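**Q** Starting from the given sequences, assemble the full structure and let the hints guide the process.
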Amino acid sequence: MAGPPIIEIRELGKPVRRVVLHHAIEVGRECDGENLSDDSVSRRHLRLVPTPVALSVVDLGSRNGTQVNGTPVTGRVVLEPGAVVRLGSTEIVMVGRQEMAAAPMAMRTMRPGQLPALVLPPPPPAPVAPPPAPSAVATLWARALGTGPRAGEPLFPAYTEMRRRIPVRAWHGVRIASVVAYLALCVTLFIRPAGGQFWFFKVIVPLLPILFFTAPGLWRNICPLAASNQAPRWLSFTRALTAPDWLRRYGALISIGLFFGITSARIAFFNSNGAGLSVLLLVTIISAFFAGIAFKGKSGWCSSTCPLLPLQRVYGQTPFVTVPNSHCQPCVGCTKNCYDFRPSVAYQADLHDPDPDWTAPRKLFVGALPGYVLGFFLLVSHPGLALPEVYLRLALFFLGSVGAFYALQALVPVDTTVAVAVWASAAINIFYWFSGVTLSGSFTTITGVRWPWLPWPIRVIVAVLSLFWIARTYVKGRQYEDDAASRPALPVIQISPRAAKVAQRAAESDGIEVGFAGSDKPARAEPGMSLLALAERERQPIEAGCRMGVCGADPVAVLAGGDCLTAPDEDEQNTLRRLGHADNTRMACVARLQSGPVRVSLTPEPGRPQAGKVAHFDRSIVSVAVIGNGIAGVTAADFIRRGHPDCEIHVVGSESHPLYNRMGISRLVYGRSAMQGLTLLPEQWYDEHQVVAWLNTVASRIDLASRRVFLATGDTIAYDRLILAMGSSSTQPPVGGFGRPGSFVLRSAGDALAIRAYVQQHGAREAVVAGGGLLGLEAAHSLHELGLRVTVLERGQRLLSRQIDEHCSELVHAHFARIGLQVLYRAESEALTGDDRVRGVSLKDGRTLRSDIFLAAVGIRPNVELARQAGIAVNRGVIVNDRMETSVPGVFAAGDVAEHGAQVFGLWPIAAKQGEAAAVNALGGNTSLVAEVPATILKGVGLDLFSIGQVAARPGDVVVVHEDPDPAAPSYRRLVISNGRAAGGIVLGTDPETMAAVTAAVKSRAAIPPPLVLELRRGHWGRLKDGGLVPALP
Amino acid sequence: MSRGCYVSSFFDYPDQSPAAPAKVELLLGDATDDEWAVLLRHGRDRRFGPGDTVVTMGSREQSLYIVLEGQLEVLAPRGRRGYKRIALVEAGSVIGELSFFDGGVRSAHVRAATAAVLAELTPTEFDALAVARPDLARRLLFDLGRILAQRLRAAQRAPSTAGEN
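So the sequence lines, in the order shown, correspond to chains A and B.
Heads up: the first sequence runs through residues 379 to 1412, numbered per my numbering.
Heads up: the second sequence runs through residues 24 to 188, numbered per my numbering.
Don't read these hints as lab results, they were simulated from the structure.
None of the values given here were measured: they were computed from a predicted structure.
Yeah, the Cβ is synthetic: ideal placement off N, Cα and C, and Gly gets one too.
Be aware that one or more of the hints could be misleading.
[As the list claims (entries may be wrong)] Here's a subset of chain A near chain B, in silico, CB distances under 10 Å, partners left out:
| hint | residue |
| --- | --- |
| 1 | H400 |
| 2 | I403 |
| 3 | E408 |
| 4 | T566 |
| 5 | I569 |
| 6 | R570 |
| 7 | G573 |
| 8 | E859 |
| 9 | I871 |
| 10 | S874 |
| 11 | P875 |
| 12 | D898 |
| 13 | R902 |
| 14 | P905 |
[As the list claims (entries may be wrong)] Some chain B residues flagged as far from chain A (calculated, every beta-carbon gap over 12 Å):
| hint | residue |
| --- | --- |
| 15 | A60 |
| 16 | D125 |
| 17 | G127 |
| 18 | T147 |
**A** Shown next as C-alpha cells:
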C-alpha cells in the first residue's frame, strides 16, 4: 500500500531534510510551507501536490523557474520516484512513498527496496533520542511489595472502583454498635472511672495506631465519631453546606492542634480524671454530630477537623488492607485530596500539592511525631517535675524532632515521601516500645494470663511491619510521581477543543486556495465547497438567496481559475443570462470548487452593452406596466428593457424598498443590519434602465377596456402590455383576535422590521408560531435567535410533512428541540388572549400558552383581488398558460400571483423564470415554461435541508436511504425511485455535491438501474453525479 | 516537589460538586472558528512520528506550538544521562510559550509520544498575523500574557483551594 510521498530537500550549506507530504505544500523563501534560505528561490516558488497515485509539482510563477530532471516546468509535472526538482541552487528529490502499515514511524522504517536506485545520504540524525521513562524499576518493586495495581483495579483505585466485600448495609449495623459502645464508655467513665480509663487508655488507645497502620479503612467505617458525623446525612437532615474557605484551608492545622492539645492534656488532666475524659468524649461526639448537620459530606469533621485525622492520613497512606469507604453514597466531592475517595494516593497528593500552605502543616505534624511520642512516654509520669516544666520539656522533644526532620532533608537529598515514612515509622515504633508494655499489662488484666515476654513480639512485629511499610510507601511515591507526571499538568496552556477541531480541519484539508478581491489573504476551501459557502465562512459581504443558482442574489466575477469550478447547469446558465453580467460571472451558491487556485470578485463585471443586440422590436408597444416590484416584476421589467430599448416601463410596487432578497428577511428579525444587506438592486438601477419606479404605491384598479392602471395616488398609467406580479400575502389565520398588537405574519421586510421593533418595545420574551412548514420554522428560528422562547404549533403530526418523510421529520424535530425550540403537534390556535395586545394563545384543545408574540405562518395567498375585479380569469391565482398569458390578451402574470399548471409555486426561482418568460412573450416572443418539479431548501436555521420532487413512496417505488446518525450534525439522504427513475430526493446536512446530484437526477428523471441502487445503498452517493447516467458496473 | 508541581486528576470527584471541575483557562477561548482558521493559516503544520524530537532542550528557536493531534512527552534530564517524562501534553495544548516570548533557550525536551501534528507559529509569522489581523494578534498576546500571569501567581502562592474552584 502506498502512503504519502516523501521528498528530500537538499539545500546548499544545510543538512538534508525529508518531509512526508500528507497534503500539498508550497516551497519558497517566504511561503506557507517549506521555507528555503536560497536567494535564487522566489518567495512562493512552487507547489507540491500529492494525490494517492502521483506527486506533481506546479511552478507558481517563480522568477528563476523550476526544472524537473533538467527540463523546465510548464504547468503541472508528475514526479516519478527519483525525480529531481531543481529550484535555484536547491534540489528536491522525490524519494518514494511511505509504507502505510508503518505510517506513523515516518521515514525511519522505510525499507531499502522502496528507495529509488539513487544513492541518498542518510537522513540527519534526530538531535536527541532520550530513553523511555524509567518506570520499569518501580514496576518491579511494586510487584515485589504488593503495591502494584490489583487485578481489575486501577493503580490507585477510588472507593467506587474497589471490590466491596461487606455490603454498605452491614456497616450501618456495625456503626450503631460502635456508637452505643462509645456512649457506654462515657457512662462507665462517670460511674466507674477506673474501669473506663483502663479500657480507654490501656486497650483502645494503644490499639488504634496499629489499626490505622494496617487497615485504616476499617476504622474509617466503624469510627463512632464518623458514625455520629454521618448520621445527619444518612437520615437526610444535614444542611449540607459547602465548607467555608477557612475550614478547608486551616482544617488540617485545627485537627493537628486538637491532636497535640488533647493528647498532651492527658498528662495534666485526663489520665487521672474519668469524668473529665467522659465530658471530653461526649463533647467530641456531639461536635462531630453538629458538624455533620451543618456541612456536606465529611467536610465538617472526618476529613477536616477530627483530631485523629492527621494520624490516620499519615499511617493510612500505604494500607496493607484496603476497605472501601461505606459512608459516602454517593460522593459529593466535599474535600480536597479526599482520603475516603482514593485512600492509597490521598496523602501523596497532599505531600505533592503545589501549595506550600497545604503541605507545610502536614509535614510539620509528621516531623514532630516521633519526638512528641517519645517525650510523652518519658514525661507522662513526670516524677518530681512541676507541670509547666513537663510541658516545656515536651515542647523541646517536639521541636527537636521537627528540627531533625528538616535537617535530614537539608543534608541528605532524600525524597520527602521517604523522610515522612521514616519519621512516621520511628514514631509508631517508639509508641509500641512503650505501649507494648501497656498492652501486655492489659492482656494480663483481662485474661489473667501472665506473659512477661509479650511486649517483645509486639515491638518486633511493629518494627518489621514498618520497614516493609517504608519500602511500600517509597514505591507508592514513585508510582504516584510517574502517574502524576503522565497526566496532563494544569499549567499547560489549552485551546478550546472546538478550536482544535478547526485546527484539525485546517490541517487535514488540502485546501483549495481562493482569493477574494479586496482581501489580502487567500482563503482555503475544501473541495466541493460552493463559492457562496466559502464567502460566508470568510465573512465576505455576499448575499444569499435560493442557493440553487436561480434567484440571482449572489453573482460573482471569477477573475482567475474559472475552470477549477463546476460547470454551470441549465438553471445557472439561465440566471446568468437573465442577469446579463460579463461572461466570467457565476452564481456563487452553485459554483463549487474542484481545484484551485481561484480568484473571485464579489462585484460582477458589467456585461457587454446589449443595445446593439436588439435588432427587431415591436415599435407599436409604447408602454409596459408591471404591477409588483418583487423578483417576478423586476425580472420582467429587466427583460422588457432588454428586448425593447425605448418603450416606457412602469413598475408599481406597494413596498417602499427597491428589489430585495425576500428569502433573507428573517435575518432582519435577529440580525443587526437593516435593509442594506438584503437589497439586490441599487436604487439607480431603475433610472439606468429607464424604468419608472412607483414605489410605496398601490395600484387600485385595472381597466382592461381602456388599458389603464389606476393608482391609489390618483395617477393613471396607460399600457400596451400589462404584467401582473403582485405576489402573495400570508394567509390570515382564522384565529380570534388576530390583528391586535403582537400578532404578525412574516412575509415582507416591513413585517420583519415591525417584529423586531415590537419585541424590543414590549420586552417580548415568549412567542408562538403557528405553522410547522418552511416559513414557520424559519420564522421560529429567527425569533429564537432574537432570544425569545419559541413554541411552534403544528396542525399535523410532524414537521414539513409536504417536503420530507417521517424519519426526516424526526431528525428536523430533534434539531429544533436541541436548539431549544418547542414544537407542539396536533395543535391549532383558537384565539389570542390579552386585551390591549397579545398576552397568550388559547388552543382548540383547551390549552393556553403564554406568549407576547403570535406569528402566523400558515400559508400564502396570491394577491388576486386586482385581477379578479378587472375580470381576468382567477382561480387560486391568476390563471396563466405556459407562455404566462392570462385569459386577457396583452396581460401576463408571473410569480406568486400566477397559477401555472394548477399550481401556485410561491418559490423565488420559479418566479424569476416566469417573469422572464412573461416579458419575452409580452414583447412578441415565444417562450414556454413547463410546470417544474419544485425544490425547497431550508437553510440558515442551523441545519441544511433540501427536498425535491416526490416525497412519499407509492406502491412499487424503490426508496434508498442513507443515514449518518451523528447527533450533533445529522446527515440523511433519501431518494425515491419510481419506475426505475429518480422521482424525489431529500438531503439533510451540508452536502452540496449530493444535493446537486439529486437535483439533476430528479429534474431529468434519470434512470437509476439496480446496480446503481446497490451502490447508493452502500453509501456511494457520488455515483449519482452526472444524473446517474453512468451506473457503476457490478 | 523538585520535579514540578502535579495537579493531578486523582481527585476529580464523580458528581457536579464545586470541587469537581478545575477551571482551565483557555487560550483565545472566545475566538470563532474563522479566527482560528486565520491564525492557523499564518502558521504552518508540522508532522512528527512517535519518538521524533519536537523541541530540543537548550536550543534557541522561538516557535509557539499548538498540538493539533497526538500526544507529546515533556522530558527533563534525570541523573547524569537519563531523562524522565515529566508531563504528557495532549492535543489542544500550547507549548513553547516561554521561548516565544523571551527568546531564551528551551527548558525541556519535547518529543512526540504518538504520531502528532502541530501548528507552529514563529515570531515572524506572528508579525505577519499582527499586520493582517491586529485584533486577533493582540488578543492572542493578551491571552498568553494573562495565562502566564496566572501561572506566575499560582507559582508564587498556589491557593489551597486550587482543586476546589
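**Q** Are the hints correct? Go through all of them and say.
**A** Going through the hints against the structure:
1. H400: This hint holds: H400 (chain A) lies near chain B, its Cβ roughly 6 Å from the closest one there, short of 10 Å.
2. I403: holds (8 Å)
3. E408: holds (8 Å)
4. T566: violated (40 Å)
5. I569: violated (45 Å)
6. R570: The hint is violated - R570 (chain A) has no Cβ within 10 Å of chain B, the shortest such distance being about 45 Å.
7. G573: violated (44 Å)
8. E859: Result: holds, 7 Å to nearest chain B Cβ.
9. I871: holds (4 Å)
10. S874: holds (5 Å)
11. P875: The hint holds - P875 (chain A) has a Cβ within 10 Å of chain B, the shortest such distance being about 6 Å.
12. D898: holds (6 Å)
13. R902: holds (7 Å)
14. P905: Violated - the Cβ of P905 (chain A) stays beyond 10 Å from chain B, reaching only about 16 Å at its closest.
15. A60: About 5 Å separates A60 (chain B) from the closest Cβ of chain A, which leaves it inside 12 Å; violated.
16. D125: With a cut-off of 12 Å, D125 (chain B) remains clear of chain A, as the shortest Cβ separation is near 15 Å.
17. G127: Consistent with the label, G127 (chain B) stays out of reach of chain A, its closest Cβ about 17 Å off (over 12 Å).
18. T147: It is violated; T147 (chain B) is separated from chain A by about 8 Å at its closest Cβ, not greater than 12 Å.
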